[in-house]
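Based on the provided sequences and hints, a complete structural model is requested.
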Amino acid sequence: MSAVLEVRDLEISFGGVKAVDGLTFSAKAKEIIAVIGPNGAGKTSAFNCITGFYKPTGGSVTLNGVDITGRRPADIAHEGVSRTFQNLRLFHDMTVLDNVRAGMHLYGGQNFLDAIFHTPRFKRSEARYTEEAHYWLDFVGYRGRRGVPIRNLSYGQQKQVEISRALARKSELLLLDEPAAGLNHSEKQSLLELVRRIRDLGTAVVLIEHDMGLVMEVSERIVVMNFGKEIADGTPAEVKANPAVIEAYLGKDDDEEVTANGDAGV
Amino acid sequence: MTIDNSTESIHTVEATAKKKGFGGWLSSIFENKYIGLVALVIALLMPFLIATPYALNIMTTAAIFVVLAAGLNIVVGYCGLLDLGYIAFLAVGAYTAGIIAKAFELPVLFTLPAVVIMCILAGLIIGAPTLRLRSDYLAIVTLGFGEITRITANNLTITGGPSGIFGIPGFLVIGDIDFQNPVIFYYLTVIIVAGLVLAAARLGKSRLGRAWKFVKEDEDAAEAMGIHTYKVKLMAYIFGAVWGGFGGMLFASHLTAISPMSFVFLQSALVLMAVVLGGMGNMKGVVLGALAISLLPEFLRDFSAYRYLLFGILLVVVMVFRPQGFWPPRGAEAERSKAEREAAAFANGLKK
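Chains as they are written, first to last, in our numbering: chain A, 82 to 347; chain B, -15 to 336.
Do not take every clue at face value.
Using 20 Å as the maximum straight-line C-alpha spacing, the simulated EDC-like pairs for lysine to aspartate or glutamate come out as follows [what the hints assert, rightly or not]:
id : chain 1 : residue 1 : chain 2 : residue 2
1  : B       : K189      : A       : D174
2  : A       : K204      : B       : E317
3  : A       : K310      : A       : D174
4  : A       : K111      : A       : E160
5  : A       : K204      : B       : E319
Restraint ranges, calculated between C-beta atoms of paired labels, are given here [to be verified]:
id : chain 1 : residue 1 : chain 2 : residue 2 : range
6  : A       : R202      : B       : G179      : 17 to 23 Å
7  : A       : E274      : B       : I124      : 50 to 56 Å
8  : B       : G151      : A       : H199      : 36 to 42 Å
9  : A       : G146      : B       : Y121      : 37 to 43 Å
10 : B       : Y121      : A       : R277      : 44 to 50 Å
11 : A       : R277      : B       : A328      : 24 to 30 Å
12 : B       : F150      : A       : G190      : 44 to 50 Å
13 : B       : I297      : A       : G96       : 48 to 54 Å
Some chain B residues judged to face chain A by a derived CB distance under 7 Å, without partners named [unchecked claim]:
id : residue
14 : K17
15 : A183
16 : A205
17 : A328
Simulated from the structure, these hints should not be mistaken for lab results. The beta-carbon is built from N, C-alpha and C at its ideal position, and this holds for glycine as well.
What follows is the structure, given as structure tokens:
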């Protein structure tokens, strides 16, 4: 199977600091890839380059063979990339359903005249938006109220809504930026199961995560970054045994500072 | 699917629970879906209560002010673009209608296509360069464009310079019905304005309207959803311009004379005040705000010299105690039980 996402020698520098320096990896459909690394390793910068929020200073990003390097975020979304943000970027004054509908913007199905005259076409398309919004909320196992503004929700629920919104895009590639951060143990377990169900939809999932236990359990391949550079790429077992990774996480001399599951970094 | 039924039913009960007390009673009136219709009926009955030329003049002016507030609400309330030069579009609409109607001796209604086209052009010319800017910068630049429009009108010959245009033909004459008759013109204005307010409110609840609100709340997140934020903002600006143009056409026809003095910054500020006071983003609130701003100074006329002072104090008091406006958007919609959701999904063939 050919790769959905191919990142080659990706590079970005901010005034002399190379935040990402030569990152290369690929993701196939129905594959879960994790990008890990200590804080400041350049993981989120890499995500921002892939999704167009930063313009990479070097390298290329291709999606299904189409070069999307340096294009604007909306175009890249159009090509089939969907993402969540590290610090939830929801539309706070809008309802849960409206937030999920945001993910469906590209479905179209109505123009402004339909909206002004409430044509049957408009009603059909609005009904579809609503149905699908409910469907994706059910899919992630969201149990809260849906007609209320997002700001009234708990953090865990907001995370679920953000994932629903990203899923509603029905894109081939889903980038999750620290989906487990701030979740409790049982919420992490359902996230694990959710990520697998997303993969089963046929989506390529790339996630940034600090929770090593979760990463080891869920991902098929792990890319490890440190100081912008890629230091390993392999199966969980390979990565676990990689001396460079152990060094990055545990340090050379003192291994008291950081625990093995990397939680201290959060 | 891992929905657990007991939690589900609790939420449904919660969702259908009725609010009680005075607040609940008040909000059930305000959130009634027929409230717009009631307002329209009241507006249509007004001439039966009071039909002096003075009152009709004020009510017509207020109705025109409502359409301006509705248009600016698209730009500021829905899309979050602070426009301090909105009155420029009223000017473009009024001058286009006035110049064409006078030159070709046409009823003002026939200038409508030209008014719409000119306003779209004006929206593009002002919007295309400025909408790349964010917040404060945008406000300053729109302020500049508002002044440029007025000063241009003040200096061109075609616009009549400082004395403006007078003797603008009537709105329309069909047989014996002259739409310039104050009562008929009032009804015509109310109906056009009601249509435009309804259209703007419906736009707010469509895919485009949601896109505007997404852009207002978080531009980056909106981009990530595939929304071309620049295009969407330009759309908001153009819709605002066209609504302003309709207002301008009615304005020119109502007064039969226009001059640059009608399009000063104070007017832009008053329209913006109506939007903020009423509740940015809620069309019903904005209509209320527009009526308050245009009618209150008339009610306060008894206090003669102090009326604008009182008006100002009133505004400050409202903004201190209710910064979100009289009637902000509620941000709520109907819940749906699990069974209803499944039935609907089945009907739409969405079951996977």
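Going through the hints against the structure:
As the CA atoms of B/K189 and A/D174 are separated by approximately 14 Å, the hinted pair is consistent with the 20 Å bound. The straight-line distance between the Cα atoms of A/K204 and B/E317 is roughly 16 Å, inside the 20 Å bound, and the hint therefore holds. About 39 Å separates the Cα atoms of A/K310 and A/D174, which puts this hinted pair outside 20 Å; it is violated. As the CA atoms of A/K111 and A/E160 are separated by approximately 18 Å, the hinted pair is consistent with the 20 Å bound.
For a cut-off of 20 Å, the pair hint linking A/K204 to B/E319 stands: about 18 Å separates their Cα positions. Between A/R202 and B/G179 the beta carbons are some 20 Å apart, a value that agrees with the proposed interval 17 to 23 Å. Restraint check, A/E274 to B/I124: a C-beta distance of roughly 52 Å satisfies the suggested window 50 to 56 Å. Between B/G151 and A/H199 the beta carbons are some 41 Å apart, a value that agrees with the proposed interval 36 to 42 Å.
A C-beta distance of roughly 40 Å is found between A/G146 and B/Y121, which places it inside the suggested range of 37 to 43 Å. At about 47 Å, the beta-carbon gap between B/Y121 and A/R277 stays in the expected band of 44 to 50 Å. Judged by the Cβ atoms, the range 24 to 30 Å given for A/R277 and B/A328 holds: they are separated by roughly 27 Å. The hinted range of 44 to 50 Å is satisfied by B/F150 and A/G190, whose Cβ atoms lie roughly 49 Å apart.
The beta-carbon spacing between B/I297 and A/G96, approximately 52 Å, falls within the hinted interval of 48 to 54 Å. Taken as an interface hint, B/K17 does not check out: its beta carbon lies about 14 Å from the nearest beta carbon of chain A, beyond 7 Å. Because the smallest distance between the Cβ of B/A183 and any Cβ of chain A comes to about 4 Å, under 7 Å, the interface hint for this residue holds. Checking B/A205 against chain A: minimum C-beta separation of about 4 Å stays under 7 Å; hint holds.
Annotation: interface hint on B/A328 holds; nearest CB of chain A at approximately 5 Å, less than 7 Å.
Checked against the numbered hints given earlier, the structure breaks hints 3, 14 and satisfies all the rest.
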